[in-house]
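Starting from the known structure of chain A, arrange chain B on it as the hints suggest.
Chains as they are written, first to last, in my numbering: chain A, 1 to 330; chain B, 1001 to 1303.
Hints in this document: simulated from the structure, not taken from any laboratory.
Far from chain B by the CB rule (all over 10 Å, computed), these chain A residues:
| id | residue |
| --- | --- |
| 1 | Gln74 |
| 2 | Arg133 |
| 3 | Pro144 |
| 4 | Tyr150 |
| 5 | Leu196 |
| 6 | Pro291 |
Derived list of chain B stretches under chain A, where covered just means 3 residues or more per stretch with a C-beta under 8 Å from a C-beta of chain A:
| id | segment |
| --- | --- |
| 7 | 1188 to 1202 |
| 8 | 1211 to 1220 |
For each residue, glycine too, the CB sits at the ideal point set by N, CA and C.
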Amino acid sequence: MDNILEIKNLITSFASDGRKERAIAVNGVDLAIPRGKTVGLVGESGCGKSVTSLSVTGLLAENGRVESGEALFQGRDLLRLSEKELRAIRGNDISMIFQEPMTSLNPVIPVGVQVAEAARLHEGLDKATAKARTVEIMRKVGIPEPERRYGQYPHQLSGGLRQRVMIAMGMLLKPDLLIADEPTTALDVSIEAQILRLMRDLQRENGTAILMITHNLGVVAEICDEVYVMYAGEVVERADVFTLFKSCAHPYTRGLMGALPRMTPKGQRLYNIRGTVPNLWAMPVGCRFAPRCEFAAERCHGEKPPLLDLGGGHLCRCFAPRGLEDEHHG
Amino acid sequence: MKKTQRDLYTARLSKQILDADLQPDVGVRASIINMFRTNHAALAGLIVILLIILAAVFAPLITRYDPNALNLANMRKPPSAEHWFGTDDMGRDVFSRVIYGGRLSLMIGFVPSVISLVLGTVLGLMAGYLGRHVDAVIMRLADVVLAFPSLLLAMVVMYTLGSSILNMFIALSIINWAGTARVVRAQTLSLKEKEFVEAARSMGVSRFSIVFKHILPNCLPNLIVLFTLDIPGAIMWESSMSFLGVGDPNAASWGLMVSQGKSYAYMCPWLILAPGLAILVTVMAFNFLGDGLRDAIDPYMKT
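Excised from the complex, chain A in its bound form (with noise of 0.2 Å):
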């Protein structure tokens, strides 16, 4: 057991205007994530998986409070830091890449200037040393001319070149963890399959873990070796990215992966999975999918399933877990 960051029962609450109690978003996630490797945070919107993240940098908006739980981080629970002692650890040892390469990027900074100041910051770098470094790492990542890139302002770039400058700005300091959430989503699918390809290669290359936020099965497919699948706040199924795609347990897993168009004979309309996320103040009391689950029973409704071991690390919270075979739909 190598694990870069454990988040032990980890639950997060939310204030909002006009109510008196707390939303709780997260509601006590355990994940793991190994030295080296990449674990993907699968779940529509909403679902709390990058207010998972949030809450582990501390980064969560000013209404959000991590309630209990722990993430050992290097030893240390990065919950019970202080401010200071997080600003260290970010940009450093953990780094983020955010969806929008658009407006991740200050529109009046040079590129170059905005991913040198994470080596100023940490490292203590001159000017000239930090551009020097810069401009290695963006020329790694793929940017052409990396020398006249950095002096250039985001406008001046392409979405692509975009987010290669983040992917940039993120593995300057060759962190131990990467949180990429939702890195690819505004960008093409061949952009996305370059941008994919090029963190798989800096993460050989530097050892650094990847938590990948998506709600994209193909990213999953294409770079993860786990998967959590988050449902309403909570994981529903964990398993390695090869049991996931062949054997999948969970209802909710197997209604996302029967909503992936495929080839199919003409006519056959695609899947979805009926009604809609639960109303955070209107959680169900059982099992939280139950409502919309088409397998569920009297029992799913009153009763909430525990995280099941189906063996080989591979977990469901479901009381009647489902192999592949007995899937009709699709």
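Below, chain B without anything else, positioned relative to chain A:
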């Protein structure tokens, strides 16, 4: 109380920023250069301002007479080849006095504008970024300032502190910071939710650096416009106050010259026309420049 150009601009800007997500200011420099090519009023404004500044700086080289040299044998003479703008009731050369008065009036335009710009920017950034109590305190303070008629407030300050040029700076700074603070706060509120701020935080950048290195540069284009419109405002306020007799009686600014010349308005109109025109030209030049800059910088104004 009249609304100045600047007030209107401030009000519109605050609203706009809150209404619509401000587009990132891309290629501002190119946009400004382009504006000067097409907007000749702004270009003329810029040239006139430069000329006025040069005249003020090199005043001794331009004028033939000491602005304070009395010549009682030569009182209230109309403009002539000797005295371009005539002489005043004590025989002083009006042209010299206008040029030297320009030094003072420009200083009165610049100094309080710089002070209120810095003050308004820092307070606006704090209010916008820190939020909560800090925001509440700063903005209520701004509301109080904005609720008073500006001229009245400035006059009260002058009466309380006494008539001196330094107190004039203080009075003008007090009436101007609140508008700037509002604009900066509004823009900060919108900017701090941007992903690039989150990205900077995720790199371990401190709050201080985020505010001053990441948010402030994004506010600069608007601040430049506000500053350009602040200057003529301050010159106007000072002139009004000097005219009303609350200015520094020893500082021969354009406003004071008009005020002193008003007793001879019918007999010797050049005594008020010369400094009056100086005020007019300067204020218009700054307003043309400010308007042009605003059009170049503010994408919403373009039609």
